[in-house]
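Chemist: In case you want the letters, here they are:
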Amino acid sequence: MSVTLRYFAWVRERIGIPEETVDLPAEIATVGQLVGWLAQRGEEYAYAFENPAVIRAAIDRAHVTPATAVTGAREIAFFPPMTGG
Amino acid sequence: MSVTLRYFAWVRERIGIPEETVDLPAEIATVGQLVGWLAQRGEEYAYAFENPAVIRAAIDRAHVTPATAVTGAREIAFFPPMTGG
Amino acid sequence: MAALVPTVRVQMERFDLGAEADKLSAGRTDVGAVATFTGICRGDENGQAITALTLEHYPGMVEEEIVRHAQEAATRWPLLGLTVIHRYGRIVPGEQIMMVATASSHRQAAFEAAEFLMDFLKTRAPFWKQVESSTGTDWVDAKQIDDAAAERWRYPYEERERS
Amino acid sequence: MAALVPTVRVQMERFDLGAEADKLSAGRTDVGAVATFTGICRGDENGQAITALTLEHYPGMVEEEIVRHAQEAATRWPLLGLTVIHRYGRIVPGEQIMMVATASSHRQAAFEAAEFLMDFLKTRAPFWKQVESSTGTDWVDAKQIDDAAAERWRYPYEERERS
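As they're listed, the protein sequences go chains G, B, F and P.
Under the numbering used here, the letters of the first sequence match residues 269 to 353, in that order.
Under the numbering used here, the letters of the second sequence match residues 269 to 353, in that order.
Under the numbering used here, the letters of the third sequence match residues 2 to 164, in that order.
Under the numbering used here, the letters of the fourth sequence match residues 2 to 164, in that order.
No wet-lab data here; the hints were simulated from the structure.
This list has only true hints and no planted wrong ones.
Straight line, CA to CA, 30 Å or less: simulated BS3-like cross-link-like pairs of lysine-lysine:
| id | chain 1 | residue 1 | chain 2 | residue 2 |
| --- | --- | --- | --- | --- |
| 1 | F | Lys24 | P | Lys144 |
| 2 | P | Lys24 | F | Lys24 |
| 3 | P | Lys24 | F | Lys144 |
Same shape as in the complex, but just chain G (with noise of 0.2 Å):
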């Protein structure tokens, strides 16, 4: 499944890149299970989630929780917790 995933903030930062395409394993299910393939990418992508329980996520522009299942989503974003008003 090819899904577009988006950074923000600091997770942005620390991948180095905005936005990319991904093919995700058919094995990936859930939100947390994303978040730990990523980790595995590179060094960069295991700094930005070092600590997963401060990553937030979006599907489609909702929030959703690590156990909220990707199915069919186009468009997968993470950032840390949000710091606007």
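Once you've looked at the hints, dock chains B, F and P against the given chain G.
Modeler: Structure of chains B, F and P alone, referenced to chain G:
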């Protein structure tokens, strides 16, 4: 003791004048007693003070209660509950 | 917070909410939050259509009473600025009646102080509203819900007694 | 309240608080209360002097997320109007960051809805603040106090799960 009395809103309308100066009999010690004395000054006063429980008072521009002493007051005001804002 | 000098105006004229709010943060970098409230004359009172509102007030006392509550607010919350403007006279539906603006470093203080001032303006500031309708004029009754709202702030804050 | 169409803008440009607040009551006589909140860039963050703030956002999602919470607010309170404007990009101390304005017949709904929206903007809208200071740039940490503030509204309002 000579004191200026001021009336606002429907208290003023019922009495028919916005203010007056009166000489208070020495036996009037509190705001509550003053209301009782005023209520006996005529039909319009009786109407204005027919329900003393809803009358609010201020002495020299500070809210007071019926138990407050009138000693030394220069200006005593009577009015209904406030409805600003 | 003794240094806070509240802006309090009781006037017939309209006010400019945006300009008043801007003044609270102009030329300084410690204000992070400005909350405002504007009271507007509605076209109905207790379900009955009205054509206008006339606000009577007790000159002198009303300003003192507002300043007193502004100072009380400044002892409760770390305020950096505070403005209360209240109009009197005849006001037609759709027109502004009054405004409160509060400035602080953080939002909670600004919001709470604005609500506190509103609750006290409703129940303690000597203003009285008279409504005009097709059936004549009528004084607006005080609302118990406003007294209840004011009560929630009343810890040791007692009726001010004259000794 | 399904008829409420909130005004939501995410922009680099400054906004005019007074003009936005006025729009909520212009030409109508059912609005009795307008509450507003303006967030302003302070010159310090966690006690350290800063020279500027840069706001990053997730275009598309941020508007959707704000509209979602605006609609949530409209189901909880009898709102007659609602505006949220949030800036992004570089902002220097003293400049406005964002505003919320809410209109209702009565003040409690206007105040509560404005506070609700602020709590959710702080914790759910995809914005991230980076500060510039003499020591370089740094991402602002999310505050637990903001999460706690948002929690108080969270009755059956659950994390939105994608099925």
